[in-house]
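Chains as they are written, first to last, in our numbering: chain A, 1 to 303; chain B, 1 to 303; chain C, 1 to 262; chain D, 1 to 262.
Simulated from the structure, these hints should not be mistaken for lab results. There may be inaccurate statements among the hints.
Stated by the list, open to error - Stretch by stretch, here's where chain B covers chain D in the computed footprint (C-beta under 8 Å, at least three residues): (1) 124 to 137; (2) 220 to 230; (3) 233 to 247.
These numbers were taken from a predicted model, which means no experiment stands behind them. We put the beta carbon where it would ideally sit given N, CA and C, even for glycine.
One-letter residues, chain by chain:
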Amino acid sequence: MTDLAVDLGFLKLRNPVLTASGTFGYGLEFEPYLGLEKLGGFVVKGLYFEPREGNPPPRLVETPSGLINAIGLQGVGVRAFAEKVLPRLRGRGTAVIVNVCGADDDEYLRVVEFLDREEGIAAYELNISCPNVKKDGMCPALFPGPTHDLVKRLKAVSRRPVITKLSPNVTDIVEIAQAAAEAGTDAVALVNTFLAMAVDIETRRPKLTNTFGGLSGPAIRPLAVRMVYQVASRVKVPVIGMGGIMTGADALEFMVAGASAVEVGTANFVDPDAAVRIAGEIGAWCEARGIARVRDVVGTVRA
Amino acid sequence: MTDLAVDLGFLKLRNPVLTASGTFGYGLEFEPYLGLEKLGGFVVKGLYFEPREGNPPPRLVETPSGLINAIGLQGVGVRAFAEKVLPRLRGRGTAVIVNVCGADDDEYLRVVEFLDREEGIAAYELNISCPNVKKDGMCPALFPGPTHDLVKRLKAVSRRPVITKLSPNVTDIVEIAQAAAEAGTDAVALVNTFLAMAVDIETRRPKLTNTFGGLSGPAIRPLAVRMVYQVASRVKVPVIGMGGIMTGADALEFMVAGASAVEVGTANFVDPDAAVRIAGEIGAWCEARGIARVRDVVGTVRA
Amino acid sequence: MAIDRQAKVLEAESWGDYHLLRVESPAVGREARPGQFVMIKAGDTTVPLLRRPLSLHDAGPSTVDVFFRTAGEGTRILARKRPGDTLDLLGPLGKGYTLPAGFKGRNAWLVGGGRGIAPLYFLGRELLALGAKVVVLYGGRTRGDLPLVDKLESAGLAVLAATDDGSLGFHGLVSELLRRELGRGRADRLCVCGPDAMMKAVAGLADASGVPAEYSLEAMMGCGIGACWGCVHRIRDGSGDGWVKICEEGPVFPGERVVWEG
Amino acid sequence: MAIDRQAKVLEAESWGDYHLLRVESPAVGREARPGQFVMIKAGDTTVPLLRRPLSLHDAGPSTVDVFFRTAGEGTRILARKRPGDTLDLLGPLGKGYTLPAGFKGRNAWLVGGGRGIAPLYFLGRELLALGAKVVVLYGGRTRGDLPLVDKLESAGLAVLAATDDGSLGFHGLVSELLRRELGRGRADRLCVCGPDAMMKAVAGLADASGVPAEYSLEAMMGCGIGACWGCVHRIRDGSGDGWVKICEEGPVFPGERVVWEG
Ligand SMILES: Cc1cc2nc3c(=O)[nH]c(=O)nc-3n(C[C@H](O)[C@H](O)[C@H](O)COP(=O)(O)OP(=O)(O)OC[C@H]3O[C@@H](n4cnc5c(N)ncnc54)[C@H](O)[C@@H]3O)c2cc1C
Ligand SMILES: Cc1cc2nc3c(=O)[nH]c(=O)nc-3n(C[C@H](O)[C@H](O)[C@H](O)COP(=O)(O)OP(=O)(O)OC[C@H]3O[C@@H](n4cnc5c(N)ncnc54)[C@H](O)[C@@H]3O)c2cc1C
Ligand SMILES: Cc1cc2nc3c(=O)[nH]c(=O)nc-3n(C[C@H](O)[C@H](O)[C@H](O)COP(=O)(O)O)c2cc1C
Ligand SMILES: Cc1cc2nc3c(=O)[nH]c(=O)nc-3n(C[C@H](O)[C@H](O)[C@H](O)COP(=O)(O)O)c2cc1C
Ligand code: FES
Ligand code: FES
């Protein structure tokens with residue numbers, strides 16, 4: 001029986017499969033389909049301090065093996081989250097990670113300071129990469145300086161581990177990951193979505209009201225695996241990998257490339273029980289090959 | 001009857017459909033399947049000054065709606081091209097564009113100087129973005145400075161129009177396109193392939209001997225359309241768009257987003273007559289909507 | 001709510017671009033209410049990637065019917081399904097039309113355009129069972145868009161057809177037909193499903209005549225279970241209005257809650 | 001070389017993981033030579049994206065046969081094809097086995113492993129027609145991997161079977177069977193198709209015994225027509241050796257030209 005537990009140093013997980021922010025709601029939506037306690041953990045939808053309206057529809061476009069979204073981070077804000085949602089997530093026997101957003105550095109800080117007073121949160125995932133919020137898709141994660149400063153300020157206040165989630169829309173992902181590591185991040189998570197666009201040739205309008213959106217799904221997997229490999233082989237903090245994971249084999253590809261854990265995103269839309277199925281497939285694969293501990297496959301790729 | 005001709009300023013094309021470098025061989029391979037004269041033009045395989053061996057196989061991996069290649073620019077070199085290939089391409093009634101490569105700036109110059117002495121070439125396309133040649137995927141196209149310098153040097157010597165082909169593996173594609181424009185490029189072509197990787201979880205080895213390769217095909221289309229839109233709406237030189245074009249509708253999406261012409265790449269592998277079929281589909285679409293000149297759709301997207 | 005990965009196709013029928021599939025699925029069928037929908041995975045590759053939402057056209061203790069019009073690749077793949085093939089469906093999802101108690105003897109008018117007829121057959125039969133008098137106003141571009149007239153009638157539903165080209169029934173939009181009928185007879189409730197433009201027109205008439213109406217809304221859906229926030233529509237509630245997930249609170253909403261955009 | 005987008009499937013047969021399709025395609029069939037291949041588009045979405053190469057298992061003036069083993073999504077899709085469905089194929093491509101004139105009465109031994117038997121049926125029949133004496137050494141893991149024994153024999157080809165588990169014929173690798181046979185009888189020529197390891201082993205024996213041999217090589221193919229430079233194998237020519245596109249100059253090469261890697 002393969003041991004599926006993974007240890008990120010600051011956080012032990014029952015298995016390496018987390019669900020990705022924005023693709024798993026607040027977790028509760030999935031209770032009819034899976035046992036939350038069977039997950040390594042889940043990352044809740046991106047939270048700003050204040051509630052957010054989000055973008056006008058259409059917010060989604062399907063592309064070949066991919067999905068472009070421009071939800072615009074619609075959400076309830078920290079207060080409603082702390083009052084209405086968090087209490088229902090406590091004691092579920094799984095790690096609850098909050099995806100922290102901010103219109104500016106101060107809002108990130110206010111979210112963390114507010115949530116630090118609440119119980120039942122295992123870690124913060126900083127969503128410093130937010131391709132579809134600002135029209136030009138610019139955000140701290142695109143540059144090492146701002147990434148370093150924001151992470152440093154948040155680490156200074158936070159009583160909880162901080163995972164920095166990186167944007168793939170950069171020339172050199174290693175440089176950004178390095179900046180986050182030097183600022184003291186406990187781990188990096190990659191990738192967030194790729195800035196994308198689709199045009200309706202009949203109406204001559206962008207298919208998304210927001211013009212731009214973020215591409216996710218199997219289409220981006222080869223780009224995400226490349227980035228995870230580059231970062232894991234050159235930066236010293238644990239890497240959480242994601243991008244187009246639909247099966248246990250996909251998840252293992254990220255782990256062999258260097259990811260200590262993975263997040264499952266778009267797959268949750270196709271199969272509400274995808275994350276648990278994937279954890280099972282990882283176990284069965286290791287089992288069949290006599291691998292005693294799943295953590296032994298992490299970073300075993302020989303290039 | 002829609003007028004399909006497009007005018008890039010420095011080059012008039014019968015129709016907006018070119019075939020992309022490295023996906024159309026030296027053109028002759030496709031004669032059994034299509035009439036070269038029916039193309040807007042074609043870009044021959046990347047040429048270094050000397051012949052090149054290319055990478056050891058496997059050189060290709062299929063991914064969801066995509067293809068990763070690490071051919072390593074195997075090719076015959078300029079001399080053999082000028083002696084054996086070029087003579088057979090002259091007088092085909094279509095624009096022949098040579099994709100110019102170089103291990104360093106000087107090699108680019110030597111290729112251009114050598115080919116300047118030959119007839120039957122309509123323009124040069126500078127392949128300054130070469131994701132799968134160097135292991136780390138680094139090349140001039142990733143930074144505005146080197147891009148500007150290389151383009152400037154080549155424009156200074158070349159007797160022919162220069163199209164600069166950009167890499168999408170950058171934080172700000174507009175900045176790079178701007179640098180090429182300021183250096184005097186006659187047009188920009190985008191996108192080249194996205195740096196990618198796939199891992200075989202059984203062997204724990206990269207699926208490509210070269211470790212990294214370039215991702216092409218429909219998977220990347222939403223990323224390519226986004227970049228073409230950004231560049232076309234902010235840089236003053238004509239844009240040639242490409243990335244996952246499989247149908248006339250795909251080609252029109254790039255044109256509506258701002259591309260004056262398009263290149264068809266991976267689709268040539270699936271259907272050797274794809275480029276001509278796509279030109280026909282563009283014509284039929286315009287026809288059905290009473291569009292008199294295909295160039296009237298260029299850049300008509302209202303964001 | 002269940003995931004039924006191996007629902008066996010029992011019947012497959014086609015009329016031009018319109019198709020009907022009956023699958024064996026007790027898990028979904030037994031809980032199904034009119035106006036709810038299922039999310040169906042078309043094909044077993046990543047193209048199409050997302051499930052496709054289809055309304056429940058009918059349901060029994062062990063079966064589910066869907067009725068759809070081919071729009072793109074997903075519905076094309078579904079249209080090729082044959083008896084014996086299997087379907088991967090998730091549902092029943094969302095909240096359907098309200099079936100008010102004490103509707104006995106009252107007049108329910110169902111207004112459907114094109115593929116929008118899909119949920120109204122199931123709804124009509126349930127309303128009949130409650131003793132309501134049901135009339136279906138069924139519109140489309142041409143007679144070919146109204147393949148279900150006979151089926152509706154043989155279920156005991158009175159059908160008034162409307163076609164843009166006059167090839168069947170009333171010559172004009174189904175909303176125009178409704179305007180005429182509202183002048184002639186009396187409706188106690190309207191249940192509407194169809195293209196936005198049609199529903200907007202109907203909403204105008206409903207408000208003017210003060211007849212309570214419910215509308216089945218559409219949006220691009222990523223998940224169907226409230227997880228992606230993709231399917232929002234502008235909806236009023238006590239405090240004001242905002243973007244509401246129609247897969248969760250809808251797809252059916254009462255007229256007073258719907259904010260018609262554009 | 002032709003593109004036949006609507007080749008009608010005439011016959012479809014399956015033995016476990018192995019499948020045979022006969023399609024109607026005069027354009028491809030009439031030019032086909034043994035050892036050549038076709039590129040087939042599986043499915044009509046972008047997954048799978050590329051065509052899949054399959055050897056010509058047989059060909060007639062108006063038909064083409066392929067014989068394949070399910071490996072992944074593409075072959076799975078092809079395995080679901082039924083008579084009346086259509087196939088999109090491109091071919092015939094590449095250069096096949098050489099059919100030397102004056103081969104009458106000489107001994108041709110065809111060595112095939114698993115799915116590698118595919119081109120050898122076509123080849124064997126052509127060699128018989130030239131008056132050659134043909135023996136097929138047919139290997140696989142277990143008897144289930146040798147579904148074509150009867151078919152080969154009823155075509156007049158002598159079959160020597162080998163299975164790793166001894167469930168049929170010789171107990172061991174087909175290369176070991178070949179070693180034994182080379183000790184007993186005389187081969188004038190070897191025509192080989194199978195996994196790399198098997199072909200390498202055969203190459204060793206062929207060189208040792210000085211029997212001229214041809215090998216059908218495999219590589220991941222992007223296009224099949226010489227345009228992508230993806231399918232290279234290390235091949236010798238006059239000047240030395242280099243990466244040669246096997247879709248163009250091959251897939252069949254004489255032993256002396258093949259550089260066996262690893
Ligand atoms: C709650 C609900 C119930 C529906 N019920 C029915 C029904 O009973 N019968 C019927 O024929 N149609 C119904 N539809 C519409 C149906 O979902 C789309 O026609 C179908 O998803 C198109 O998929 P496709 O792959 O064939 O076309 P695509 O090529 O994917 O798209 C063609 C068109 O359909 C739209 N579309 C694609 N995917 C979706 C999606 N996931 N959600 C909504 N629209 C989409 C696209 O925006 C595009 O305009 C319903 C939609 C919703 C939201
Ligand atoms: C010239 C040639 C002739 C062939 N003839 C036959 C035949 O007659 N019968 C038969 O069963 N098989 C044959 N093959 C192998 C066959 O092409 C692959 O098994 C098939 O492409 C796998 O596709 P898939 O989608 O089912 O599997 P995938 O999931 O795509 O891949 C499964 C395995 O097949 C390999 N493969 C995938 N695509 C290709 C490709 N385009 N070219 C080569 N290998 C690939 C992959 O590397 C992987 O190892 C031949 C290959 C070549 C090059
Ligand atoms: C609809 C949608 C909403 C998302 N919202 C968020 C978010 O709020 N915060 C965040 O960090 N990432 C968000 N993401 C990105 C995912 O968490 C994930 O990084 C990305 O989708 C790649 O993984 P995948 O290909 O498995 O989906 C969202 C993705 C999708 C598709
Ligand atoms: C096998 C292969 C070889 C390529 N070789 C070159 C090359 O030599 N020079 C170049 O500029 N681009 C090369 N490219 C990139 C294509 O020209 C094109 O930019 C890219 O594939 C995106 O277009 P597509 O998605 O339509 O294929 C190559 C692409 C492929 C798939
Ligand atoms: S479809 Fe995902 S929230 Fe409604
Ligand atoms: S398969 Fe493309 S060159 Fe051989």
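Hint by hint, here is what the structure shows:
Counting residues of the segment 124 to 137 of chain D whose beta carbon lies closer than 8 Å to any beta carbon of chain B gives 0, which falls short of the minimum of three for the stated coverage. Coverage of the segment 220 to 230 of chain D by chain B holds [criterion: at least 3 residues with CB-CB distance below 8 Å; count 10]. Given as covered by chain B, the segment 233 to 247 of chain D passes the check, having 3 residues with a CB less than 8 Å from a CB of that chain where 3 are the minimum.
Comparing the model with each earlier hint shows a violation of hint 1 alone; every other hint is respected.
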